[in-house]
Amino acid sequence: DSGVTQTPKHLITATGQRVTLRCSPRSGDLSVYWYQQSLDQGLQFLIQYYNGEERAKGNILERFSAQQFPDLHSELNLSSLELGDSALYFCASSGGVMTGELFFGEGSRLTVL
Amino acid sequence: DAKTTQPTSMDCAEGRAANLPCNHSTISGNEYVYWYRQIHSQGPQYIIHGLKNNETNEMASLIITEDRKSSTLILPHATLRDTAVYYCIVRATNTGNQFYFGTGTSLTVIP
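Going down the list, the protein sequences come from chains A and B. Numbered by my numbering, the letters in the first sequence go through residues 936 to 1048 in order. Numbered by my numbering, the letters in the second sequence go through residues 51 to 161 in order.
In short, the hints are calculated from the structure, not lab data. Check the hints yourself; a few may be wrong.
[To be verified] Derived DSS-like pairs: lysine-lysine, alpha-carbon spacing no greater than 30 Å straight-line:
id : chain 1 : residue 1 : chain 2 : residue 2
1  : A       : K992      : B       : K53
2  : A       : K944      : A       : K992
3  : B       : K119      : B       : K102
4  : B       : K102      : A       : K944
5  : B       : K119      : B       : K53
With these hints in hand, go ahead and build the complete structure from the sequences.
Structure, rendered in structure tokens:
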């Protein structure tokens, strides 16, 4: 158990819809990261937050957005969903900006029909 | 961050040492070598990291060549539960904590 909690574990929705994925980092971790893993692609870094502020952006689509709240949990919002958005979405946390170890949650599996 | 090259797949007999190579010929002086693994559809798991000295922990050993252009992750006694995709990542500490995962090496431990 990494200490990172992601909900929901599974989600099935239709094209055009909007979903929100939630992540609770390990107790005390200030940084939260979101990754997407599709069947035909590896782990793609989406975005990082540190103590409520966006710190780095990766290959995140404009239809996707994220935020980190004062209690440090984070949400990833996916809108106007397409079939190609079906993937595993992982959240990870770490204690600080410069530490090297990420703790990953078990992921949220999104299926868009 | 420097690019890494890993074999696509490897097999290892159960109980034997698994040696996973990684080439990072363009590594810079301030870049660390990190290893993570991902067991099927689970979240990646941190294994070990190092700068230039060899490192060992309860999971594995990391051997970094003197010129730092390559490294080897060693699982001393592979078990079936070590079957996973292993990612070698090179990253500088001043780039924050975002890790860019490549395709990794798919290790299969054979009974």
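- [ ] Against the structure, test the hints numbered earlier, and report the numbers of the ones violated in rising order.
- [x] 4
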